[in-house]
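In order, the protein sequences belong to chains C and D. Per our numbering, the very first residue in the first sequence carries number 229; after that it's consecutive. Per our numbering, the very first residue in the second sequence carries number 229; after that it's consecutive.
Everything labelled a hint here was simulated from the structure, so no lab data went into it. Worth double-checking, as some hints may not be accurate.
Straight-line C-alpha distance at most 30 Å; calculated DSSO-like pairs for lysine-lysine [to be verified]:
id, chain 1, residue 1, chain 2, residue 2
1, D, K591, C, K581
2, D, K496, C, K530
3, D, K319, D, K390
4, C, K530, D, K591
5, D, K530, C, K581
6, C, K591, D, K530
Just a few of them, taken from the derived set where beta-carbon distance is under 7 Å, the chain D residues facing chain C [to be verified]:
id, residue
7, V541
8, I557
9, A637
C-beta: ideal position from N, C-alpha, C; glycine also.
Protein chains: 2
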Amino acid sequence: MGWQFVLIICACAYICSAENVVDPTIKTMEAFSGYLNVNGNEKDPFHSTMVDFVNLQKQIDQLSAFSDSPAPSVTRILYSHNDVAARRFIKDLMGRAGLSVREDAVGNIFGRWEGSEPDAPAVATGSHIDAIPYSGKYDGVVGVLGAIEAINLLRRSGFRPKRSLEVIMFTSEEPTRYGISCLGSRLLAGSVSLAKALTQTVDNDNISFLDAAKSAGYAKNEDFSNVFLDEKTYSAFVELHIEQGPILENEGVSIGIVTAIAAPASIKVDFGGNGGHAGAVLMPQRNDAGLAAAELALAVEKHVLESGSIDTVGTVGIMEVHPGAINSIPSKSHIEIDTRDIDEKRRNTVIEKIQESAVSISKRRGVELLEFKIVNQDPPALSDESVVKAMESATQVLGLSHKKMISRAYHDSLFMARKAPMGMIFIPCYKGYSHKPEEYASPEDIANGVKVLALTLTNLSLN
Amino acid sequence: MGWQFVLIICACAYICSAENVVDPTIKTMEAFSGYLNVNGNEKDPFHSTMVDFVNLQKQIDQLSAFSDSPAPSVTRILYSHNDVAARRFIKDLMGRAGLSVREDAVGNIFGRWEGSEPDAPAVATGSHIDAIPYSGKYDGVVGVLGAIEAINLLRRSGFRPKRSLEVIMFTSEEPTRYGISCLGSRLLAGSVSLAKALTQTVDNDNISFLDAAKSAGYAKNEDFSNVFLDEKTYSAFVELHIEQGPILENEGVSIGIVTAIAAPASIKVDFGGNGGHAGAVLMPQRNDAGLAAAELALAVEKHVLESGSIDTVGTVGIMEVHPGAINSIPSKSHIEIDTRDIDEKRRNTVIEKIQESAVSISKRRGVELLEFKIVNQDPPALSDESVVKAMESATQVLGLSHKKMISRAYHDSLFMARKAPMGMIFIPCYKGYSHKPEEYASPEDIANGVKVLALTLTNLSLN
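Between the sequences and the hints, there should be enough to build the whole structure, so can you do that?
Written out as structure tokens, the structure reads:
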């Protein structure tokens, strides 16, 4: 499929904004005639003002208030009081956008705009709204509220979908509460092991996933396999997201078109030692679980740097010692490691080295390696060529600069790619900041993202 | 004073157990005659059964139930509900032992047995009952409940003190809640800076010391200088304590006679970095506050080992990262360091090296060293020769093996030494374990400690 054709397909979004809406597949042929202009803005079938970015920003701000930590930080943990309140807020917005709302057993929320071919696989978009402790208000949120605004924009433009359009709010993209990242999309993608694990997993306060989900109104029959998507549910999936990196801002580019998502893995490690009194136990008698953890944290950094590739990253975001008193030698330690790469094999080599280090540190220090658990070790995902072209074409129609790029952060798209051709739209964010209160994307950049998303959806819906 | 004389003085504890109690200073002369034997036990003026170790063990077990963590662990934090309940338990036992009870503004509790010379400086003994998180039931407790049992033993033996005897339960020997170790004894020793600091200090939950103390019934007038001891309050102070090290058990020795207490210091360090997303921020762009903390923890160990002395120890018992999510680079870290030595200068060299490392790590990693605070840096304390001799003589009279040794853990004695000649009696504990649930001392070893304490108190009271 040549880019011109894609361009034309996209342009029908404008065509459909005319008063007399007819079969858009017919309009496609008219669009082919080259009739693209309206109100003198040849490049933008949506007027800038047609993205209601003032209202969208207001919604982003409103949603950020559902937080367990004070503003400007956001903390929104799966099935917490604030998460449940935020879900109501999203469902309400979906309803106002004319979407019919349904939820599955883990609380993935779907808002559907029925197309003229309701039995054809639908086109989906969406992201998440959960937020790790003390993070920001844009990660995920832009891809949910932005998707709803894209629907509103298409309605205001007079567009009528052929394939149905669905906005998805995924449950627990962040692993905060149950240690499982992309819980909702991972389950949608058909993870049998996850469906089973969810019936038994508990959080740090020993609250089971089942009890927590039930308290939020989900998990009514405890069978999570009914969440799995059929192969033919969606013909495409697109996610709008802040870049969470500095490249677009640094290079002054409006839109990032993601071609691949780096392969993430997460590991939990526990060390155990004898502990004891910080004054009385002499250094040669010690087997300090805290120092074993410190050493492994530095080993993670070392092995990541040894890969020699800028694309390999590794982080120890959680480091805890027990009992946690200044005059007590740590008898237990717990660290959690996140490592990613666009090259799965290279990342797996890093994981092997980390495991070897954990074993050798424990032997050398006489500390017990109580657990070395690879919680997840996912392959990377590639965007589908057809979706990439649709996104690229949209940026061209809109006259927005764009750049093809890798997503180093993982997203629900990583798992949706297993069930449908996938693509992601990135927008710049301030200094690349993410997962902290300083996270910021400008209303203009968000509006650009919403327009590219809307135009991409029209293309995919009519295709 | 020759050891024979001390022996004789001690022996009066037995003498006084006769039915017709007269002026013990007169009895001293009778004891001098060499009349030491009763019931064929020439070496032990107290029958083994006279230490009611069954009841003492019961009290230790009862006290351990006032805990914020489940048995066998004990967690008893200053001015908590359980701490206040445990204080009532102690005051009740003091009252039953015929002691007149008083408390000062921070909750140091004093139980006094008035001697025949009530205006003479008294002889004091005691320890603490607060317990760090997930610790054991003997640390400190043996020196409080054991002291009350020593008083009971002396009463049952018919002893009559010349100098008054006082049992002290010190407030917050452990630094858990307000980061200040030996809070009660430090204040008794006249710390003007502490008296001032207490009016402003807050805990991790932002509860002020004043509010917490008031909630427990103390700090009525907010002037803590009235806690300071006069120079002439006590003629001697003795503390009974578990060794918290393995030496006595390994060598099969019953009693440790402490000649010096190692010099403790504690340090708080905070690092700050930019944090960010664990996937999106590439390694060269990072300034990871968690890795800075890990590196400093290992540097503490390195500098301690560099001292070349077995007597130098250093511990990182607290290590925290913020925000504490697996996919978030730590933007803040906090560690607390405890370092001690019997050689103050050598320990201070370690502190200097730790500070240099903190600075160089922060520079190299581009991480901000937000705080490097030496919370306390105390000198070591030497036991007084007169008290050491009294304790040594008591072990000889009782036929108990003993060993002179260093206390590597600090105790309230470290500060009481500033106000009175000080000595400490150690008893063996299982594998040297302390500050953990496995902490254990046998009833027999505790009974031996109580007997040595009782006999030492008689000596010091009559002297």
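Right, here's what the structure says about each hint:
no., hint, result
1, D:K591 with C:K581, "holds, 28 Å"
2, D:K496 with C:K530, "holds, 27 Å"
3, D:K319 with D:K390, "holds, 23 Å"
4, C:K530 with D:K591, "holds, 18 Å"
5, D:K530 with C:K581, "holds, 24 Å"
6, C:K591 with D:K530, "holds, 18 Å"
7, V541, "holds, 6 Å"
8, I557, "holds, 5 Å"
9, A637, "holds, 4 Å"
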